[in-house]
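Trainee: Protein sequences, first through last, are from chains A and B. What the first sequence shows, in numbering that gives the first Met the number 0, is residues 0 to 65, in sequence order. What the second sequence shows, in numbering that gives the first Met the number 0, is residues 0 to 247, in sequence order.
By construction, these hints were calculated from the structure, which means they are not laboratory data. Keep in mind that this is a model prediction, so the values were computed, not measured. Mixed in with the good hints there might be a few duds.
Derived pair list, reagent style DMTMM-like, types lysine to aspartate or glutamate, alpha-carbon separation capped at 25 Å [claimed, not checked]: (1) Lys1/A <-> Asp99/B; (2) Lys1/A <-> Asp12/A; (3) Lys238/B <-> Asp12/A; (4) Lys86/B <-> Asp12/A; (5) Lys86/B <-> Asp17/A; (6) Lys95/B <-> Asp216/B; (7) Lys95/B <-> Glu243/B; (8) Lys132/B <-> Asp12/A; (9) Lys132/B <-> Asp17/A; (10) Lys132/B <-> Asp18/A; (11) Lys86/B <-> Glu243/B; (12) Lys238/B <-> Asp18/A; (13) Lys132/B <-> Glu112/B; (14) Lys86/B <-> Asp66/B.
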Amino acid sequence: MKWLARFARFWWDFVVGDDWLVAVLVAIAIGVTAALAHSNVTAWWLLPVAAPLILWLSLRRAIRSA
Amino acid sequence: MTTGNAFLFLSAFLASAVEMVEALTIVLASALARGWRSSLAGVGAAVLALAAITALLGPALTAIPLDALRLVVGGLLLIFGLQWLRKAILRASGFKALHDEDAIFARELADAEGAAHVERAGLDWYGFVLSFKGVLLEGLEVVFIVLTFGSAQGSIPLAAAGAAVAVVLVAGVGVAVRAPLARVPENLMKFSVGVMLTTFGIFWSTEGAGAHWPGSDLAILGVLGFVIVVSLLFVQLLKRERLEAVAA
Numbered sequence: 000m001k002w003l004a005r006f007a008r009f010w011w012d013f014v015v016g017d018d019w020l021v022a023v024l025v026a027i028a029i030g031v032t033a034a035l036a037h038s039n040v041t042a043w044w045l046l047p048v049a050a051p052l053i054l055w056l057s058l059r060r061a062i063r064s065a
Numbered sequence: 000m001t002t003g004n005a006f007l008f009l010s011a012f013l014a015s016a017v018e019m020v021e022a023l024t025i026v027l028a029s030a031l032a033r034g035w036r037s038s039l040a041g042v043g044a045a046v047l048a049l050a051a052i053t054a055l056l057g058p059a060l061t062a063i064p065l066d067a068l069r070l071v072v073g074g075l076l077l078i079f080g081l082q083w084l085r086k087a088i089l090r091a092s093g094f095k096a097l098h099d100e101d102a103i104f105a106r107e108l109a110d111a112e113g114a115a116h117v118e119r120a121g122l123d124w125y126g127f128v129l130s131f132k133g134v135l136l137e138g139l140e141v142v143f144i145v146l147t148f149g150s151a152q153g154s155i156p157l158a159a160a161g162a163a164v165a166v167v168l169v170a171g172v173g174v175a176v177r178a179p180l181a182r183v184p185e186n187l188m189k190f191s192v193g194v195m196l197t198t199f200g201i202f203w204s205t206e207g208a209g210a211h212w213p214g215s216d217l218a219i220l221g222v223l224g225f226v227i228v229v230s231l232l233f234v235q236l237l238k239r240e241r242l243e244a245v246a247a
């Protein structure tokens with residue numbers, strides 16, 4: 000069990016990285032893009048807008064916690 | 000070579016070069032403190048492990064339908080790219096110390112010299128494990144980028160070639176100078192990789208989600224320019240904020 004927990008922890012750190020909020024917000028932004036696209040609404044603009052906002056939020060969090 | 004393939008090769012090359020510079024620092028410290036034989040055995044074992052992971056995951060990824068692959072891979076690359084960019088921007092603006100290979104080398108060397116000698120399978124175990132872990136952990140990120148980027152762009156061999164050129168180059172220079180490569184502009188390379196991963200992450204996850212880019216593949220260049228401008232703007236904003244905080 001200890002080995003399994005370490006394995007899971009490694010992959011969590013590897014994929015999610017230092018700021019879990021980035022992964023969550025990226026997943027939400029992609030989900031909203033898919034929902035818009037499948038409702039025949041133009042959606043290509045959403046991720047280029049969301050990515051800088053997520054990056055800025057993550058930068059502020061990193062600076063605050065430094 | 001198309002623009003996408005050129006970016007693919009360059010991204011794999013830069014990501015691999017950055018990670019291999021870091022791995023080289025660990026291997027050199029291990030070799031100088033614990034002996035070359037055990038350290039090189041550790042490097043060899045890690046390279047074999049990385050090759051096995053690539054051989055197992057590569058064909059599996061190419062079997063996934065392209066849209067689903069681009070959705071998942073695009074999302075993962077976007078998360079990776081934003082994490083790389085965050086670190087590079089924090090370093091470029093002075094909020095985080097630049098990666099100092101000389102300091103890391105000195106620390107690793109002191110740790111390796113102080114560790115007890117345990118022999119297993121005729122090898123100094125500390126030297127073997129230190130090199131193995133260093134190369135495996137730094138190499139995993141490269142394997143991940145090569146496989147995801149390569150499969151979504153439809154050319155894992157080209158991505159692998161970019162990574163291989165970087166490994167040979169860094170290893171060659173490392174053997175020649177036998178010192179950590181402290182003068183490599185590591186943060187600029189990390190910034191470039193972050194920009195490219197973010198660009199392709201945005202592009203592919205948008206396509207994978209079912210949306211269509213105006214201008215089709217040419218939109219990559221527009222996204223790339225946008226990500227570069229925004230990232231440089233963030234560096235400038237944070238630099239100014241830091242200067243104001245220091246002056247206050």
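Trainee: Is the hinted pair Lys86/B and Asp12/A satisfied, with a Cα-Cα distance of at most 25 Å?
Mentor: Measuring from Cα to Cα gives roughly 15 Å; hence the hint holds.
Trainee: Within 25 Å, alpha carbon to alpha carbon, are Lys86/B and Asp66/B?
Mentor: violated (30 Å)
Trainee: Is the Cα-Cα distance between Lys1/A and Asp99/B 25 Å or less?
Mentor: violated (34 Å)
Trainee: Is the Cα-Cα distance between Lys1/A and Asp12/A 25 Å or less?
Mentor: With Cα atoms ~16 Å apart, Lys1/A and Asp12/A stay inside 25 Å; holds.
Trainee: Holds or violated: are the alpha carbons of Lys132/B and Asp12/A at most 25 Å from each other?
Mentor: With a Cα-Cα distance of about 16 Å, the restraint between Lys132/B and Asp12/A holds, given a limit of 25 Å.
Trainee: Has the given pair, Lys86/B with Asp17/A, been kept, meaning a C-alpha gap of at most 25 Å?
Mentor: Cα-Cα ~10 Å, so holds.
Trainee: Hint check: Lys132/B vs Asp17/A, CA-CA at most 25 Å. Holds or violated?
Mentor: holds (20 Å)
Trainee: Keeping to a limit of 25 Å between CA atoms, is the pair of Lys238/B and Asp12/A held or broken?
Mentor: The given pair, whose Cα atoms are some 28 Å apart, is violated under the 25 Å limit.
Trainee: When you check the alpha-carbon spacing of Lys95/B and Glu243/B, does it fall within 25 Å?
Mentor: Within the cut-off at roughly 16 Å; holds.
Trainee: Please verify whether Lys238/B and Asp18/A have alpha carbons no more than 25 Å apart.
Mentor: holds (21 Å)
Trainee: For a C-alpha distance cap of 25 Å, please report whether Lys132/B and Glu112/B respect it.
Mentor: holds (17 Å)
Trainee: For the pair supplied as a hint, Lys86/B and Glu243/B, is the alpha-carbon distance within the 25 Å limit?
Mentor: holds (21 Å)
Of the numbered hints stated above, those contradicted by the structure are hints 1, 3, 6 and 14, listed in ascending order.
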